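J.: Chains as they are written, first to last, in the numbering used here: chain A, 1 to 115; chain B, 116 to 231.
Calculated directly from the structure, the hints in this document are not laboratory data. Please read these numbers as outputs of a predicted model, since none were measured by experiment. Do not take every clue at face value.
What the hints assert, rightly or not - Derived list of chain A stretches under chain B, where covered just means 3 residues or more per stretch with a C-beta under 8 Å from a C-beta of chain B:
# : stretch
1 : 13-22
2 : 102-110
What the hints assert, rightly or not - Distance windows between CB atoms, simulated:
# : chain 1 : residue 1 : chain 2 : residue 2 : range
3 : B       : S122      : A       : V78       : 37 to 43 Å
4 : B       : S173      : A       : V78       : 36 to 42 Å
5 : A       : E42       : B       : Q195      : 42 to 48 Å
Backbone N, C-alpha and C define an ideal beta-carbon position, used for all residues, glycine too.
Residue-level listing of the chains:
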Amino acid sequence: DQQVKQNSPSLSVQEGRISILNCDYTNSMFDYFLWYKKYPAEGPTFLISISSIKDKNEDGRFTVFLNKSAKHLSLHIVPSQPGDSAVYFCAASEGYGGSQGNLIFGKGTKLSVKP
Amino acid sequence: DAGVIQSPRHEVTEMGQEVTLRCKPISGHNSLFWYRQTMMRGLELLIYFNNNVPIDDSGMPEDRFSAKMPNASFSTLKIQPSEPRDSAVYFCASRGGRSSYNSPLHFGNGTRLTVT
């Protein structure tokens, strides 16, 4: 049973427009959420995170939104650039003193930003 | 900072052979994780260590898999004997810092294992 779900395997967006990547989770004990970006033949790299005490965190073009009641988070990229084309993974953990912060990953969404 | 270093980058072996994957975490990081990525199951946690001690190995598929961390700067993941279904990309990641529980993981570039 997947605890972190990314239901869209792929997303295609025009350069300059907004990219919205979605993620749902089932474990109500998760209190720390992260997004990772992965290019081919490389490991995932950390992008942005949010703790459960917040509902929004912003870093430049990237914003993560958390809706705890819906157990849903999303990553917004504005404006999208061709270099953003990659696979994006959502991850969650029971952070503070829980299970030592093991990250549970979704299966990823492949974003393609077209020039 | 060289990042997490994994070797080899690619490994092709025959069924039944022993395979050893290696990882050097970022200096100063006190947690190390082994993940496996497959098309079907995505990124799965196999095992992780805190301060060189295995904490949770519930993700290790079966007794053919074993992992060690003899010191803070080196870990191995061994598969013996290997089987074709073990073919995957294996990632090592490390984490550290004062509030390490909520620090992001830093991943290596992975080892792509092919068992024929």
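J.: Return the numbers of the hints above that this structure violates; sort them in rising order.
T.: Violated hints: 1, 5; rest satisfied.
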